[in-house]
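Position chain B against the provided structure of chain A, taking the given hints into account.
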Amino acid sequence: MAETPSRRLFVEMLREEFRLHARLFGGRRFAAFPLFVALVGAGTVWLLERAGTDLGGAIAGFHALVFAFGLHTGSIGLVGRDAMRDLLGDVTLLVFTARTLPLSRRRLLGIFLVKDAVYYAALFLAPLSVAFAVGGLGLRVALLWATITGTFLLGIAVTMAAIALSTRGVSGWVVVLALAAAVGLGWTTSFDPVGFTPYAVYESPGVGSVVRAVVPIVGLSLLGIATYDATTTSPSRTAESAFEAWHERLSFDEDGLVTKSLLDVARSSGGFTKVPFSAGILFLVSVGMVDLAGSLTGVDPSIAVSMGAILGLTAFTTYNWLTQFDALGVYLLYPISHAAVFRAKFRAFMVLGLPTALGYFAIAVAWRGGRVGEIVVGAVLLVGLHLYLFGLTVYLAGFRPNEFLFDTVLFAVFTVAVAVGLVPVLIVGLVVAPIDVIAMAALVALAVILGSVGVGLYRRAIPRWSRRYRTE
Amino acid sequence: MTAIRTQNLRKTYGDVTALADLSLSVEAGELFALLGPNGAGKTTTIEILTGQLVPDEGTVDVLGTDPTTDPVETRRRVGILPEKESPPSFMTPWEYFDFVGTVRGLDSATVRERVETWADRLSYREKLDTLNTDLSRGQQQKVMITQAFLHEPDLVFIDEPLANLDPIVQERVKRFFTSYRDDGNTLFLSTHDIDVAEEICTRVGIVSEGRLVGERVPADLGREESLLDTFLDSVGGSIEATAGATD
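Protein chains in written order, with the numbering used here: chain A, 1 to 472; chain B, 1001 to 1247.
Quick caveat, the hints were computed from the structure, so don't treat them as lab data.
Predicted model only: the values in this text are computed from it and were never measured.
Every residue gets a Cβ at the ideal spot worked out from N, C-alpha and C, and that includes glycine.
You may find that some hints are simply not true.
[Stated by the list, open to error] Residues from chain B shown here face chain A by an in silico Cβ test under 10 Å; the list is partial:
hint, residue
1, Thr1068
2, Leu1081
3, Pro1082
4, Glu1085
5, Met1091
6, Phe1099
7, Leu1128
8, Ala1148
9, Phe1149
[To be verified] Once the Cα atoms are required to be at most 20 Å apart in a straight line, the calculated EDC-like pairs of lysine to aspartate or glutamate come out as:
hint, chain 1, residue 1, chain 2, residue 2
10, B, Lys1084, A, Glu472
11, A, Lys274, A, Asp326
12, B, Lys1174, B, Glu1030
13, B, Lys1174, B, Glu1198
14, B, Lys1174, B, Glu1160
15, B, Lys1084, A, Asp326
Okay, chain A solo, but in the shape it has when bound:
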């Protein structure tokens, strides 16, 4: 077959994506990631089955997660080179070559999206689907792979259409809001939007459901490609100088590094709200999980202990936000040690992350109630696990917590280390409730130990990463 520019571009983009991931996420170890995904997925399905969970509910949740993953993935290639640089460093992708090669931006975008679909369908979605074979799905695993790939594409198409329309100014935003309102309005009436997604194909395969699922994907993709205005530019943003005022308020911040970290989060897209937003997702998921556990076990779970433990996990996303907008190398222009930078991130983390997690904890116990003793224990657990997660993340990933999500070995170590701290607490909170005084004392002791281990790991991380960053 003769090689066309589009075909060549597609192949090169696939290669580029693999090299990017391999470079960012553990070199050749990245190649083992699909196997690891399959093993973890199979283990999860097995555990769910053993716990008597309805596999149908798990598959519905799986589609929802993949849809969210698609929404996120669709945004990465479209948000522009500057945002990519903040996230990934000095990286130029083929999708940005319209300025130097005789290729239209629309064509590049179209091929980029097809590449994403093929790449993620093969490397991530296939092993995840295979994991469900443990649940006895048989040949339906192939159907599951097809429908989650379709769901992933739907997520990308929604993001792509929204971003493309936004390049058309107010009129584009009006269309976005109108489409969202139509879906929302339909939902409140007899219209079922889920019937127009690939999940409906999994539920009831047939020509009709396939057509209904394909039309939105194709329609939104075409809408995105047709409306994307490559010439759009956003106006320069200005701001009143806020550094001095913030710095004065943060009296403990002698060198200004905490102020800078907080300004970075506040000024980037989403502002400070992205911190409670990402924690809010975990909050909602954990509320559902606790309810599900209660219905499965027949035990009335301890909301305070369970939620305290789970909300400790928000430490990871908060630290991720705090390290998203700078690299450690940036600070080496000034008389600042690596230790000072890590210390500033820790302080900024305590300013942003802990109040957010405790806020959601307060909402949870106000909403669902709890015994006073368990509430105190839950709060102590939250602080302990929060510090543990922070220390663990800094020790394993240094200044780039995103990295180990796809680094097979690091991710495995992280998963096991989190499970060691979290699982015993969850068993007590979900299965042993109501919790007696002795168990409460044991949980408090565990929280103190975990918090101390976290602080210890954070302290050990400083010389570890300082040495590494100065010799590589």
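Leaving out everything else, chain B in the frame of chain A:
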């Protein structure tokens, strides 16, 4: 007085040797340029001299400090203008300079006065409240030049200083470098630009494959000589393209 002295510096990245055996010395009050082809080891040299990297072997002395063992003290004493680094995306230039001033222990009034002088010198006063991410590459370079000189250090390390600047600003920057040296300060330039090195530098070191392979004082060049010829002789290069040649 010696501002910079290195002896037998060696640095490797895996199989790649960035510095093989670099020894050099720069006296206080010099405007010294390290000239070399791509990959010769210029940026690695600056990163070692400023304590950002630790050499595998060799010794370093910068203004009486050892950047290998006390990088913070070295960086307190010097200014650094890196080749690639941009100012923080989500700060405005004003905020960035307030931050740099805080880190370097300058009071607000001094920061304000010096920033205004620099903003006028480099013609970007109207951009002081714009987010750095929305500045052009040239404007970002002006911001980075300002931060390197904000504390008026005795020694400044400068990697490709004129990149992305328009000709008028380039000329102003070159004149400033010369006047800064005339005031008794030391500048250490890393550059590919032979014309700039010949025009403003008091001494040029030529580096190739991680070694210092030649040194010239531009003022001593004869009428028939050029720094380009010296450079080509030193690195064994030719301006004629040859099969298999790389940049």
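| said: When the structure is checked against the list of hints, which entries are broken? Sort them ascending. | reply: 9
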